Amino acid sequence: MTDAALRQPQLSRSPIARSERTARLDGNPWTPYLFAAPVVLYLLLFQGYPLLRELMLSFTQTSLLTPQTSHFVGMRNYAELAARPDFWRVIGVTALYTAICVVLAIALGLGAALLLDRPFRGRGIARALVTIPWAAPPVAVATVFAWTLNAQYGIFNHWLKLLDLEIGYESWLDNPRLALPAILFTTIWQIFPFSSVVLLAALQGVSEEVREAAQIDGADKLSIFKVAVWPTIRPTVALLVLFVTIWSLRRFDLIWVMTQGGPIGATKTLVIELYTRAFVARELGEAAAVGMVGLSIALVVTVVYFWATQRAERAEGRS
Amino acid sequence: MRSPASHAIRMALILILLSVSVFPIYWMVVTSLTSSANLFADTPQLVPDPAQAFNYADTFSHTGVLIWLRNSAIVAIGTMVLSILLAILPAYALSRFRFRGKGALGFLLFATQMLPEAMLVVPLYAIFANLALLDTLGGLILANTAFTVPVITWILKGAIDGVPMEIEEAARVDGCSRIGIVLQVVVPVVAPTLAAASVIAFFHGWNEYVFAQTLVSSQYLRTASVGLASFVGELSTPIHTVMAIGVMYTLPAVLFYLMVQRYVVAGMTAGSVKG
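Line order of the protein sequences matches chains A and B.
Mapping of the first sequence onto this note's numbering: residues 1 to 319, in sequence order.
Mapping of the second sequence onto this note's numbering: residues 1 to 275, in sequence order.
Be aware that one or more of the hints could be misleading.
Simulated restraints on C-beta separations [claimed, not checked]:
| no. | chain 1 | residue 1 | chain 2 | residue 2 | range |
| --- | --- | --- | --- | --- | --- |
| 1 | A | A312 | B | F60 | 55 to 65 Å |
| 2 | B | V47 | A | G218 | 47 to 57 Å |
| 3 | B | S36 | A | P176 | 52 to 62 Å |
| 4 | A | Y153 | B | P188 | 49 to 59 Å |
| 5 | B | P188 | A | L45 | 29 to 39 Å |
| 6 | A | P67 | B | E166 | 33 to 43 Å |
| 7 | A | G111 | B | R70 | 35 to 45 Å |
| 8 | A | G218 | B | F23 | 36 to 46 Å |
| 9 | B | G138 | A | P67 | 17 to 27 Å |
Once the Cα atoms are required to be at most 25 Å apart in a straight line, the calculated SDA-like pairs of lysine to any residue come out as [what the hints assert, rightly or not]:
| no. | chain 1 | residue 1 | chain 2 | residue 2 |
| --- | --- | --- | --- | --- |
| 10 | B | K102 | A | Q310 |
| 11 | A | K226 | A | L115 |
| 12 | A | K226 | A | V237 |
| 13 | A | K221 | B | R10 |
| 14 | B | K102 | A | Y49 |
| 15 | B | K102 | A | F243 |
| 16 | B | K102 | A | L44 |
| 17 | A | K226 | B | M11 |
| 18 | A | K221 | A | L114 |
| 19 | B | K102 | A | L45 |
| 20 | A | K161 | A | A151 |
| 21 | A | K221 | B | L15 |
| 22 | B | K102 | A | W307 |
| 23 | A | K221 | A | R211 |
| 24 | B | K102 | A | L52 |
| 25 | B | K102 | B | E169 |
| 26 | A | K161 | B | P44 |
| 27 | B | K102 | B | V189 |
| 28 | A | K221 | A | L115 |
| 29 | A | K161 | B | V20 |
| 30 | A | K226 | B | I14 |
| 31 | B | K102 | A | V301 |
| 32 | B | K102 | A | T31 |
| 33 | A | K221 | B | A5 |
| 34 | A | K161 | B | S35 |
| 35 | A | K221 | B | L13 |
| 36 | A | K221 | B | A12 |
| 37 | A | K221 | B | S35 |
| 38 | A | K161 | A | G122 |
| 39 | A | K226 | B | S3 |
| 40 | A | K161 | B | E169 |
I should point out that these hints are in silico values taken from the structure, not numbers from a laboratory.
All figures in this text were calculated on a predicted structure; none of them were measured in a lab.
Using N, Cα and C, we set each Cβ at its ideal position, and we do this for glycine too.
Just need the whole structure built from these sequences, with the hints factored in.
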C-alpha cells in the first residue's frame, strides 16, 4: 500500500536521490551509530558474550558443581562426542524431527492458507481460530497433549478404540516407537498456524490476471497453482523452511515437558542432550560442545539458504 | 470450480481444520471442569456433567497459581516495554540511514535467531551471578529481551520503510530534532505495527520456560510455565487441577491474541515476508 503511494510520480525518488536527501537531512554522521549503540551493546552483553563463554567452555572440562576447578582439554569434548554412538543417534533424531517439522508444518500451513484464502462466509473468524495453537503457551500445550495421549484415560486412545483398530491402549509417550511421532504431532499442531498466516499474506501477492487468464484457458487447479500461485509464494516458502529449521533445532520446552528426551533417547534432540549434559550429568564443558555442534548446523543451514536464494535470484535475472 | 460439491468438500475441510486447531484448548477447559470421579470414566465426557467450577476454587487455594500468573505478567510486560524501548531507534537507523556496519547490524539481529536459549543458559547463569540478577524477575526480563529485541527491531524497520520521507521533512523544516522526528512523527504513524510488535514481545515473555526454570529458584518467583511444568509426572496433583492451571495460563493469552490478532498478523507478515 505505502509502496504504491511512494511510486506515484510526484513522490518518486531514485534510491540515490533519496539517500542524498537522507544524508542532508541528517547532518551528524554519528547519528545512526548513536541510534544503534544501545541494542548492539545489549546484544553483545546478553548474546555475544555468553556465546563466547560457551565456546570457551566447550574446550574445558567443567563441572556444574565445582565450576572454579575448570581445566582446558582442547578438542577432547568434541572427539568424545564424535566417538559416542548415542550422540550420532541424537543427531539422527534431531535431523528427523527437524525434517518432518519443516515438511509437515509448511505443507499443512500451505493447505490451510489455500483453504482460507478465497472468500467465504465466516472467513475472518476461521482465520482467527486457526491461529489459536500458535498463541497457546508451549508448556500448556505440552501438558494438555500429554493428557490426551495418556495410555488409560486419554481421549486419543479412546477414539482409537472407537475406530476398533488393532492399535490402541498405547502409552504414547512411554513407547520408544511412538514418542517421537507424538512429539512431532504436538509440535506441528503448534507451529503450522505460523506458516499458514505468513503464507496467507504471501497469497495476497498472487496476480489475479494470471490466475484468471489460466482459468479462461481451461487450466485445472493444479496448473493454476503452478503458474500463478507457486512462483509468487516460493520466496516465502524458502524463508519458512529456514525459520522452521532453525526453530526446530532450538525447540526445548515442548519436548522437555512431554518426555525429557525419553524414553531411552527416542526424542532426544541436540538441545535436550545439551540441557541434560549440563543440568543432569552436570558436565558443562561437554554440554557446551553439544551446543556448538547444534549452532554449527544452524549456521550451515543459513549459509545454504542464502546461497540457494541468491542463485535463484541470479537464475531469474538471466531468464 | 464453483460447483456445490467442491464447495461442500472445502467447507468440510475447513471445519476439520478448525476442530483440530481448537480441540486441545477446548479439551483443557473440559478437563478442568470435570469431577474427579468422571475423569477416569470409561467414556471421556465431551461436555462436563456436572461442570465443576469448584475445581478452580480448589486450585486457587492449593497451588501458587495466582502468584505464578502475576510473575508471568510482570516478566511479559517488562519484556514488552524493554524490547520496544530498545528497538525503536535502531529500527529507524536501519530503515533510514546508510552507514558502515549496517550489514553487520542486520546480521547480528538475524544471528540471534540461531542461538538456542538452552545453550546460553549456562553462561548467563554465571553472568547473572556476578551481576546479582540470579533469582530475580528483572533478570528474566533482561534475558528474554535479548531474544525479542532483534525480532521487534526487524518488524519495526519494515513498518518505518513504508513511512513517506515527506512527512519527516515537513517536521524537519519546522525545526524538529532527529529524535523528536522519530518519537513525534514516525512512532505515531507506525503505531499499529508497534502494537503488534508489543504483543509478540509480550507473548515471548509470557510463554518462556528455559530461563524461568533455570535462572530463578525461589518458589514465589516461579512463572506460570514453570509452575505448570512442575506438575508433569507428579502423581499427587489431580489432572483437573493441572488443567485448571493450564486454562488460567492459556486463555488470557489466547483471548488477548484473538482481540489484537489483526495487528499481530499484519506486523508479523511485514517483518517476516519482507525480511
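For each hint, the structure was consulted:
1. A:A312 <-> B:F60: 55 to 65 Å: Cβ of A312 of chain A to Cβ of F60 of chain B: about 56 Å, so the range 55 to 65 Å holds.
2. B:V47 <-> A:G218: 47 to 57 Å: Given a distance of about 49 Å, which is inside 47 to 57 Å, the answer is holds.
3. B:S36 <-> A:P176: 52 to 62 Å: violated (32 Å)
4. A:Y153 <-> B:P188: 49 to 59 Å: At 54 Å between Cβs, range holds.
5. B:P188 <-> A:L45: 29 to 39 Å: Roughly 31 Å apart at Cβ, these two residues keep to the hinted range, so it holds.
6. A:P67 <-> B:E166: 33 to 43 Å: Once the Cβ atoms are compared, 58 Å apart, the range 33 to 43 Å for E166 of chain B and P67 of chain A is violated.
7. A:G111 <-> B:R70: 35 to 45 Å: Roughly 40 Å apart at Cβ, these two residues keep to the hinted range, so it holds.
8. A:G218 <-> B:F23: 36 to 46 Å: Given about 40 Å between the Cβ atoms, the range holds.
9. B:G138 <-> A:P67: 17 to 27 Å: holds (23 Å)
10. B:K102 <-> A:Q310: Roughly 20 Å between the alpha carbons, so the hint for K102 of chain B and Q310 of chain A holds.
11. A:K226 <-> A:L115: Given that 25 Å is the threshold and the Cα spacing comes to 17 Å, the pair holds.
12. A:K226 <-> A:V237: Answer holds: K226 of chain A to V237 of chain A is near 14 Å, not above 25 Å.
13. A:K221 <-> B:R10: With a Cα-Cα distance of about 14 Å, the restraint between K221 of chain A and R10 of chain B holds, given a limit of 25 Å.
14. B:K102 <-> A:Y49: holds (21 Å)
15. B:K102 <-> A:F243: The given pair, whose Cα atoms are some 22 Å apart, holds under the 25 Å limit.
16. B:K102 <-> A:L44: The given pair, whose Cα atoms are some 16 Å apart, holds under the 25 Å limit.
17. A:K226 <-> B:M11: Roughly 23 Å separates the two Cα atoms, so the pair holds.
18. A:K221 <-> A:L114: Roughly 11 Å separates the two Cα atoms, so the pair holds.
19. B:K102 <-> A:L45: holds (19 Å)
20. A:K161 <-> A:A151: Judged against 25 Å, a Cα distance of about 12 Å means the pair holds.
21. A:K221 <-> B:L15: Holds. K221 of chain A to L15 of chain B sits at ~21 Å (cutoff 25 Å).
22. B:K102 <-> A:W307: holds (20 Å)
23. A:K221 <-> A:R211: Holds, at roughly 10 Å.
24. B:K102 <-> A:L52: With a Cα-Cα distance of about 22 Å, the restraint between K102 of chain B and L52 of chain A holds, given a limit of 25 Å.
25. B:K102 <-> B:E169: With Cα atoms ~23 Å apart, K102 of chain B and E169 of chain B stay inside 25 Å; holds.
26. A:K161 <-> B:P44: holds (12 Å)
27. B:K102 <-> B:V189: At roughly 24 Å apart (the allowed maximum being 25 Å), V189 of chain B and K102 of chain B satisfy the hint.
28. A:K221 <-> A:L115: holds (13 Å)
29. A:K161 <-> B:V20: holds (19 Å)
30. A:K226 <-> B:I14: With Cα atoms ~23 Å apart, K226 of chain A and I14 of chain B stay inside 25 Å; holds.
31. B:K102 <-> A:V301: Answer holds: K102 of chain B to V301 of chain A is near 23 Å, not above 25 Å.
32. B:K102 <-> A:T31: holds (13 Å)
33. A:K221 <-> B:A5: Given that 25 Å is the threshold and the Cα spacing comes to 15 Å, the pair holds.
34. A:K161 <-> B:S35: holds (23 Å)
35. A:K221 <-> B:L13: holds (17 Å)
36. A:K221 <-> B:A12: The given pair, whose Cα atoms are some 19 Å apart, holds under the 25 Å limit.
37. A:K221 <-> B:S35: violated (50 Å)
38. A:K161 <-> A:G122: violated (34 Å)
39. A:K226 <-> B:S3: Holds. K226 of chain A to S3 of chain B sits at ~22 Å (cutoff 25 Å).
40. A:K161 <-> B:E169: violated (69 Å)
In terms of the numbered hints stated before, the structure departs from hints 3, 6, 37, 38, 40, listed from lowest to highest.
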